[in-house]
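Produce the complete structure using the sequences and hints provided.
Quick note, the sequences are listed as chains A and B, same order. The letter at position 111 of the first sequence is residue 219 when you use the numbering used here, and the numbering goes up by one with no holes. The letter at position 367 of the second sequence is residue 1359 when you use the numbering used here, and the numbering goes up by one with no holes.
Everything hinted at is true.
Each computed DSS-like pair below joins lysine-lysine, with the alpha-carbon atoms no more than 27 Å apart:
no., chain 1, residue 1, chain 2, residue 2
1, A, LYS179, A, LYS147
2, B, LYS1296, A, LYS303
3, A, LYS307, B, LYS1296
4, A, LYS273, A, LYS129
5, A, LYS303, B, LYS1335
Treat the hints as calculated values from the structure; they're not laboratory data. In this text, all values refer to a predicted model and were calculated from it rather than measured experimentally.
So the chains spell out like this:
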Amino acid sequence: MKILIIEDEKELSESIATYLKGENYICEIAADFNKAIEKTELYDYDCILLDITLPGGNGLEILRELKASNKMDGILIISAKNSLDDKVTGLTLGADDYLSKPFHLSELSARVAAIIRRKNFDGNDILKFENLSINTRAKTVLVNDKPLDLTRKEYELLLYFMSNKKRVISKNAIAEHLWGDDMQGNNDFIYTHIKNLRKKLIEAGGTDYIKSVYGMGYKFSS
Amino acid sequence: MKLLSKYNQVNVIATIIVLLLSAVAYYFVIERTLVHQLDKSLVVEEKEITDYIRENDLLPEPSDSKEEQELYTPAKDAKVIRKFSSVELYNTHHNKNVYYRQLEFPVIVQGKIYIADVRKSQEETEDLVQLILKITLAIVLLLLATLFIINRFVLNKLWQPFNTTLQQIKQFNVAGTNEVDLDSTNISEFAELNSAVTSMTKKASQDYHEIKSFTENASHEIQTPLAIIRSRLELLSQSENLNEEQMDAIQSISETTNRLSKLNQSLILLTKIDNRQFKQTEDVNVSLLLHRHLNNYEELFHAKEISITKNITEDVILNMNETLAEILIVNLLINAIKHNIEKGSLTIELNKDYLSIANTGKILNTNPAIYFERFKKESTSNDSMGLGLSIVKKICDTYDFEISYNYKDRIHTLTVNF
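Here you go:
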């Protein structure tokens, strides 16, 4: 899976690349408008992370170019301009998703994974981890080939973990993922949800993959 | 009071005073002149009488006509002084009291002293004065009528450019793209006003757009470093060999970064609402919006074992900005969840007149009014900067909704009246 990160802040693009490489993506970075145009014309990517304010031009222009040349690359806009106009314009122009800065890398990774899943029509809708299997189209979960009944949020939580395997995910990132920006700072809710999910997984004969990491959050690993 | 009425008031009062004063002046001047005339003719009469007496040594026949009286009475004492005076006497011809101008003078006939009285009626003078009063009154009335007509037809037309300008200023919106377009006028005051208004609105519009882009740029400039800090922290937290102290530090920096980010976003949102940047409105189905978000938070209610009572009228439509409607509802719900207690309750009521959200919670230590102000919070609850309710207030202000807070028997109720 190839990913292009169009972002002028070197520190940020490198962090993103490091994190995504851990998910076995191949990452390339374009730091300005011209470089980005050059790369998108030459290669195809599974997903492009697109910052809107770039030196040399507007990121939305790149989006227009891509759509004009019928490129199928998935596009995730990452912008600090939490401006409604940009968001609407971006999505109307054919971007797949919009994430405003500052975001959690785990959230970014989950969004990228979702875009790539949607773009792959050959249908790799099944995510597998050890004896766990998630069908992202039907939104069902199998543990040892037996269906597991989860609430909507529990399912979203499990999918989030599956998109960030072996990573420490902060409680804030989880809260924000499940309930949006405004629910931050109420981490006691997370605890209840994690507890329930764990209980269900164990009762279904699975392993307890969710590990608490002291002070910081949770980690999904075997 | 209209400028016109104010001006008219002064004008009319001044005119009436001047006219009355001049009427009084006329009265005195004309009366004096007429009396003077009468006195002259009385002196002529006197001369005639004295001439007659000198020639004939006889008193002339007393006469009594409509206009004139002559009569002679023997003097009681020898000292008779010649004098002019005005007297009011009964006139048999008119059957009423009439003012006379009279001249008394002594005459000596056959060695005896008589007082001769020659009188002339002042009737004419009075008629004249009355005429002057009538004319003055007529002029006052005519003047009022003229002023009325001028105001009605001329002044309204004269003020037309001003009214047009005023109308344009009222319709002016700094956030809008349309500039104030004023007709040219050949009246210098209005032309000056128009040019001042044009340059002022242009400046306001320009400033507004500069502030708007500044807000967005500021947001950009602050969010990007925050994004870098956050991503670096997340990468750092993936390290295998962190000790507890380091993990605590990472956690603490991460929390602070979150707060800073949230604070920045809230401030930008408040500024945007202040700047009326959410002016696009549409019919928003608030009921649907409320259902959707209640659904989203369903598991949070479960987690805290909060019992919910819903009394939601379907299809409540409000004409407002959809984003703001969503922010309003989310902030109210989150406020009710965050400050709720374990095994608490939440009652939501929505109809076309109001939305009320009542939740159980801790007793407040502070005056509820300050909850709508920026940066006020119940310190023990959590680390949110307490901007949620001021955003709610700001949105309510934008649409003239009335928000009120009530606390009774451990139930906090926030009501938004549409």
